[in-house]
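*Asks:* Each protein sequence line maps, in turn, to chains V and S.
Per this note's numbering, the first sequence starts with residue 1, numbered consecutively.
Per this note's numbering, the second sequence starts with residue 1, numbered consecutively.
Read the hints as simulated data drawn from the structure, not as lab findings.
Wrong hints could be hidden among the right ones.
One copy or any two copies: either way a pair holds, since identical chains are not told apart in the list.
DSS-like mimics (lysine-lysine), calculated; alpha carbons at most 27 Å apart, straight line [claimed, not checked]:
| no. | residue 1 | residue 2 |
| --- | --- | --- |
| 1 | Lys125 | Lys6 |
| 2 | Lys178 | Lys6 |
| 3 | Lys5 | Lys178 |
| 4 | Lys5 | Lys49 |
| 5 | Lys316 | Lys214 |
| 6 | Lys214 | Lys5 |
| 7 | Lys178 | Lys150 |
| 8 | Lys316 | Lys275 |
| 9 | Lys125 | Lys49 |
Quick caveat: nothing in here was measured; it's all calculated off a predicted structure.
2 protein chains.
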Amino acid sequence: MIKTKKIHKEIETLITGAGTILISSHVDPDGDSLGSQLALRRYLVSLGKKVWIVNHGSIPSKYMFLPDIDRIVRIDNFKSEDRFDLAIILECPDPGRTGDVKHLIGANMPMINIDHHPDNSGYGKIAHLDSGASAVAEMLTEYFLEVGYKIDDPAATQLYTAIITDTGRFRFSSTTRKTMEVAGRLIELGADPRYISDNIYYSFSESTMRLIGKVFSKFELFDNGKICLMALDNDMMRLNDFNSADTEGMAEYTLFGRGVIVGGLLKEMGEGSTKISLRSRNSINVGEVAHRYGGGGHNNAAGFQIDLPLKAAQEKILKDLREIVNGTV
Amino acid sequence: MIKTKKIHKEIETLITGAGTILISSHVDPDGDSLGSQLALRRYLVSLGKKVWIVNHGSIPSKYMFLPDIDRIVRIDNFKSEDRFDLAIILECPDPGRTGDVKHLIGANMPMINIDHHPDNSGYGKIAHLDSGASAVAEMLTEYFLEVGYKIDDPAATQLYTAIITDTGRFRFSSTTRKTMEVAGRLIELGADPRYISDNIYYSFSESTMRLIGKVFSKFELFDNGKICLMALDNDMMRLNDFNSADTEGMAEYTLFGRGVIVGGLLKEMGEGSTKISLRSRNSINVGEVAHRYGGGGHNNAAGFQIDLPLKAAQEKILKDLREIVNGTV
Numbered sequence: 001m002i003k004t005k006k007i008h009k010e011i012e013t014l015i016t017g018a019g020t021i022l023i024s025s026h027v028d029p030d031g032d033s034l035g036s037q038l039a040l041r042r043y044l045v046s047l048g049k050k051v052w053i054v055n056h057g058s059i060p061s062k063y064m065f066l067p068d069i070d071r072i073v074r075i076d077n078f079k080s081e082d083r084f085d086l087a088i089i090l091e092c093p094d095p096g097r098t099g100d101v102k103h104l105i106g107a108n109m110p111m112i113n114i115d116h117h118p119d120n121s122g123y124g125k126i127a128h129l130d131s132g133a134s135a136v137a138e139m140l141t142e143y144f145l146e147v148g149y150k151i152d153d154p155a156a157t158q159l160y161t162a163i164i165t166d167t168g169r170f171r172f173s174s175t176t177r178k179t180m181e182v183a184g185r186l187i188e189l190g191a192d193p194r195y196i197s198d199n200i201y202y203s204f205s206e207s208t209m210r211l212i213g214k215v216f217s218k219f220e221l222f223d224n225g226k227i228c229l230m231a232l233d234n235d236m237m238r239l240n241d242f243n244s245a246d247t248e249g250m251a252e253y254t255l256f257g258r259g260v261i262v263g264g265l266l267k268e269m270g271e272g273s274t275k276i277s278l279r280s281r282n283s284i285n286v287g288e289v290a291h292r293y294g295g296g297g298h299n300n301a302a303g304f305q306i307d308l309p310l311k312a313a314q315e316k317i318l319k320d321l322r323e324i325v326n327g328t329v
Numbered sequence: 001m002i003k004t005k006k007i008h009k010e011i012e013t014l015i016t017g018a019g020t021i022l023i024s025s026h027v028d029p030d031g032d033s034l035g036s037q038l039a040l041r042r043y044l045v046s047l048g049k050k051v052w053i054v055n056h057g058s059i060p061s062k063y064m065f066l067p068d069i070d071r072i073v074r075i076d077n078f079k080s081e082d083r084f085d086l087a088i089i090l091e092c093p094d095p096g097r098t099g100d101v102k103h104l105i106g107a108n109m110p111m112i113n114i115d116h117h118p119d120n121s122g123y124g125k126i127a128h129l130d131s132g133a134s135a136v137a138e139m140l141t142e143y144f145l146e147v148g149y150k151i152d153d154p155a156a157t158q159l160y161t162a163i164i165t166d167t168g169r170f171r172f173s174s175t176t177r178k179t180m181e182v183a184g185r186l187i188e189l190g191a192d193p194r195y196i197s198d199n200i201y202y203s204f205s206e207s208t209m210r211l212i213g214k215v216f217s218k219f220e221l222f223d224n225g226k227i228c229l230m231a232l233d234n235d236m237m238r239l240n241d242f243n244s245a246d247t248e249g250m251a252e253y254t255l256f257g258r259g260v261i262v263g264g265l266l267k268e269m270g271e272g273s274t275k276i277s278l279r280s281r282n283s284i285n286v287g288e289v290a291h292r293y294g295g296g297g298h299n300n301a302a303g304f305q306i307d308l309p310l311k312a313a314q315e316k317i318l319k320d321l322r323e324i325v326n327g328t329v
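I would like the entire structure built from these sequences, with the hints used as guidance.
*Replies:* And the structure:
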């Protein structure tokens with residue numbers, strides 16, 4: 001606790017000395033990246049800082065309801081000549097994982113690294129790391145309460161969204177008493193659980209809903225139902241004009257079945273490439289599988305892309321999943 | 001707060017004087033009924049009481065993982081000659097809503113009525129009512145902490161299950177800072193969010209998953225997508241050998257679509273009868289519609305059964321839903 005207070009103080013001091021600040025996160029930002037970055041921006045703006053949020057990758061459309069979301073710039077569109085005094089990198093185990101944003105970070109530019117990934121490399125002038133936190137937003141909320149920043153309605157919404165998505169709706173084992181207390185505090189400060197949940201989890205387009213129907217009609221079970229694979233082929237994707245980011249949440253459905261311990265959603269990305277999202281229960285580690293293919297994620301939720309057409313990708317991943325399932329059960 | 005302390009004390013005193021206690025809840029018990037009853041039973045047993053939980057209606061199979069669930073007796077199977085000194089009725093607006101259990105409650109038997117429904121009639125020797133509570137389990141947890149009952153792992157699991165289901169996964173507007181704090185406390189005391197969520201929300205049989213596929217392929221949207229109806233006809237139900245209680249959660253899917261403000265799931269129950277579960281967002285009150293047909297529920301989640309075949313039932317309910325949608329939007 002005293003250690004946390006000390007690092008909060010150090011962060012505050014470093015921020016105080018900076019005029020123009022860059023915020024970024026990992027490639028293909030998720031709910032925790034986006035919500036945490038936006039809340040951090042509000043705090044910095046309240047201190048009179050000039051702030052840029054720049055990310056590599058696009059924003060899944062379910063997050064477009066977030067206050068200030070239009071303040072996030074894709075690196076491809078970033079044209080400013082501004083020079084940054086400080087970079088604050090959130091939810092990113094290594095600066096290389098910011099993708100092309102890393103080119104904006106000068107060799108001597110101080111970095112603050114705030115993360116809850118256990119494999120964070122510890123980079124930055126200040127590395128504020130807490131692998132026990134459910135989300136970076138949980139850490140940020142504590143920081144804000146500590147330094148006396150008055151979290152307003154939009155910031156509460158941003159932070160709550162980050163926490164709810166990074167805990168899989170208060171479901172992952174990272175969800176602790178503290179997580180719930182922080183979320184409760186954010187509700188009191190203006191986060192509306194219904195509005196936020198509706199926007200994230202109950203906001204499918206008609207065509208996505210029909211696609212869900214297809215996915216649930218055509219899934220396959222393997223190894224006595226322990227493994228469930230669902231697939232979206234090119235035709236299904238094209239027919240419904242999908243953005244790959246918008247089908248991300250569907251990976252969750254692979255674990256809907258009783259007895260399923262590993263699930264995989266395969267999305268055909270044009271010809272010859274397949275994006276695979278993996279989900280698992282308990283101690284089954286799919287993060288390790290994703291790492292093997294250059295992807296990333298956590299023990300129970302991970303993903304990667306592979307240069308194989310759908311069928312071949314399915315055969316390959318099924319082999320890997322069988323190995324971890326039979327190695328652990 | 002002082003008022004709550006006083007009523008907690010009164011409850012404790014009444015319980016102290018009783019030897020054999022009946023616990024019940026409303027017909028067709030839900031997650032809050034079941035979890036709260038089971039936790040209350042553990043507490044009473046710890047005090048050396050003889051306890052019976054008797055309900056009218058069956059237990060949805062998703063709750064069969066709950067510790068002590070086999071302690072719940074259906075009124076049809078209740079054969080004991082025990083005489084009760086006290087009845088504690090949870091989550092039940094009126095003693096009549098206990099169904100046939102009401103015949104077990106003698107005219108002079110003291111009753112404790114613990115509920116969070118705003119329309120509770122205030123019956124009982126003690127009526128502990130808090131319409132601001134997200135669930136009766138939230139109220140019970142506070143009671144347990146107040147009287148010094150050491151909530152153990154099974155009780156924490158029972159209470160957390162009650163809260164998560166009665167808030168629709170911390171989603172309904174009843175979810176407050178206090179709800180989250182109570183849930184956090186229960187996690188600390190042994191409730192496992194992952195295990196509980198997996199059992200309730202990720203535990204479909206293979207045939208149910210295929211049924212979800214059908215429901216999502218065949219839903220209908222009306223009035224510019226504001227109303228979504230899904231239907232399970234006799235063939236679909238028979239084909240998959242479903243218990244009606246097991247498809248209850250599917251009503252949630254009717255609100256998956258962006259822009260949908262009212263949803264209805266229609267289940268054909270043999271010939272000539274249809275069970276309808278309604279869901280709505282925000283201020284749209286489907287509870288009122290369900291009441292009109294002799295059903296029950298809350299503003300945003302309600303249900304009833306109607307003596308009409310599927311098609312005719314759909315026409316009738318669509319007419320009602322159009323009225324409330326166009327009256328409010």
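*Asks:* If a hint holds in the structure, say so; if it doesn't, say that too.
*Replies:* Results for each hint:
In this homomeric assembly, lysine 125 and lysine 6 come within 27 Å of each other (Cα to Cα) only inside a single copy, at 14 Å, whereas the closest approach across copies is 55 Å. Proximity of lysine 178 to lysine 6 under the C-alpha cut-off of 27 Å is restricted to the intra-copy arrangement: shortest distance 20 Å within a copy versus 30 Å between copies. With identical chains, the CA atoms of lysine 5 and lysine 178 are at most 27 Å apart both within one copy (16 Å) and between copies (26 Å). In the homo-oligomer, the alpha carbons of lysine 5 and lysine 49 lie at most 27 Å apart inside one protomer (23 Å), although the nearest pairing across protomers, at 49 Å, exceeds that limit.
In the homo-oligomer, the alpha carbons of lysine 316 and lysine 214 lie at most 27 Å apart inside one protomer (23 Å), although the nearest pairing across protomers, at 29 Å, exceeds that limit. Proximity of lysine 214 and lysine 5 under a CA criterion of 27 Å is satisfied in neither setting, with 51 Å inside one chain copy and 54 Å between copies. Taking identical chains as interchangeable, the C-alpha atoms of lysine 178 and lysine 150 lie at most 27 Å apart whether they share a chain (20 Å) or sit on different chains (20 Å). Taking the shortest alpha-carbon separations for lysine 316 and lysine 275, only the intra-copy value of 13 Å comes in at or below 27 Å, while the best inter-copy value is 45 Å.
Taking the shortest Cα distances, lysine 125 and lysine 49 sit within 27 Å of each other inside one copy (19 Å), while across copies they are farther apart (62 Å).
Against the hints set out earlier in the document, a violation occurs for number 6 only.
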